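Engineer: Just so you know, the protein sequences line up as chains A and B, in that order. Number 32 in the working numbering belongs to position 32 of the first sequence; there are no gaps in the numbering. With positions in the second sequence counted from 1, the corresponding number in the working numbering is that position plus 1000.
Quick caveat, the hints were computed from the structure, so don't treat them as lab data. This structure is a prediction, so every number in the text was calculated from the model and none was measured. Incorrect hints may have been included.
Computed list of lysine to aspartate or glutamate pairs in EDC-like fashion (alpha-carbon distance at most 16 Å, straight line) [stated by the list, open to error]:
hint, chain 1, residue 1, chain 2, residue 2
1, B, Lys1102, A, Asp140
2, A, Lys89, A, Asp140
3, A, Lys89, B, Glu1242
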Amino acid sequence: MSNATDPTQEAAAEAASAPNGRRRFLRLSGGAALLATTAAGCDLFFDKGDGDGGDGGGDDGSVQLGAGDIGILNYAYTLEQLEAAFYIKVVDSFYRGATDHEKTVLTDVRDHEIIHREFYDQALGSDGIPALTFNFSSVDFGSRESVLQTAKTFEDLGVAAYNGAGRLLESADILTIAGKIVSVEARHAATIRDLLQPLSTSFAGDDIIDEQGLDRAFPPATVLEQAAPFILPRIIADNLPS
Amino acid sequence: MKDQSLFQLFDSEIAEGLTSRRAALRKAGTMGAVLAAGALPLAFRRAFGADGSGSMNTEQVVGVLNFALTLEFLEDEYYVQGLETPGLIPEDGRAVYEQISKHESAHVDLLIAAIESLGGQPVAKPEFDFTAGGTFNPFEDYHVYLALSQGFEDTGVRAYKGQAGNLMGSGSILTTALQIHSVEARHAAQVRRLRGFYNGQNDPPAWIEFGRTDVDALKPVYRGENNRLQLGIRVDQLENPEGVSPAPITQETATESYDEPLTMEEVLAIAGLFIA
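Excised from the complex, chain A in its bound form (with noise of 0.2 Å):
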């Protein structure tokens, strides 16, 4: 972990050439693939919470996602870091009464977040945002109810948030990778609500998927509203495409 004074310059150094001799950098023009090469370490993650800016960070510590297909990638990545910080707290103290099949599923969701997580960590290298903080003093964590209720808001937001936002990308390999994980959110998604109601019609209920059989789409700004609640800094996303 860095608490430089200038973060911009030591992260741009440090993709350069990160200590360990290896790069990672993230290259994107008009259809050519991205490229990205693995690197250890959370050399780029600042810690929000103790007021010196991060990486895009503003001293408000608010956060930059970018514009275009980058950010795009940060918006997603927001997401992917607060559902894995969510899953997480479920899963070091499951809620009271968790029954052993609940607590398979909750483990492998929480594992496939922090996978979506790293992986985009990965991918934007130094143009990613930085490890964010979150606020969930809203959940019960031992209460079924309270941490079934608020993993469904996450899961079908997050699938409302990358059905919107694939017009958005330039990409065609980013659009793939984003198709690839939304069909894991909407797994989630249909889990989490049998979970809550099993055999019923909600894990693709009438309250989510219209008379078309569509599911929900989402604009960026929309999606960044009903997740604000839970992100402590500031995310900024008027540079998003539209």
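Chain A is fixed; fit chain B onto it per the hints.
Structural biologist: Showing chain B alone in chain A's frame:
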């Protein structure tokens, strides 16, 4: 487009007289005149919200939508037949299948309308054989019915993903495809959970692990799901975050975290087994 040869299936001549899958696949020729982009008034394209930000190839888009329609016809028919078969679907499975069936029917209507609004010709509904020439007996054995519905839903999810790139630049059409795709993924998850509930094993899980399937005949549905390379990143080799246990990043969870696309050719090879 790399799957150009398969568009012959959506030639209206073939579609109307689709009695033999093999004959259809063997037929040579170019795409039907009805799909010729040059004949489409701009007003049709705008009416369906094609935003013109990228260059939408209407001919290609209609082809993709007709491909989707073929799959939706298959699912729609499968669920209608299943729900109408007395004694097949147990009481506690009906709510799920009725919901799925409702959606597939809506998708059929939606895709027909979309194709027509682009000035295209929707494919005719094929004649289906859900026994795949006697290999399966889904309408006699609920476990088989469940297994095939899992296969169809998981295939559909992979099929839509495989076409997303071909819908770039089509604005709201791409969005609509994504909105259908995520519903199919919900279906797939729920059917898998249903199977797990009925076999008392809670297996398979709602997500696809490795390319595993407990049904041999469904192996082609899961080919390639073992993939761990995403945008050049080996996701099974991402570093496990500290303090999180059990370790979240494993070979299994890495393959579960991403569903893989299938090409149109691969999907039609699977679906074709069930077209009479």
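Engineer: For Lys1102 (chain B) and Asp140 (chain A), compute the direct alpha-carbon distance and say whether it is at most 16 Å.
Structural biologist: Violated, at roughly 36 Å.
Engineer: Does Asp140 (chain A) sit within 16 Å of Lys89 (chain A), going by the straight-line distance between their CA atoms?
Structural biologist: holds (11 Å)
Engineer: Next pair to validate is Lys89 (chain A) with Glu1242 (chain B); report whether the Cα-Cα distance is within 16 Å.
Structural biologist: holds (14 Å)
Of the numbered hints given earlier, the model fails hint 1 alone.
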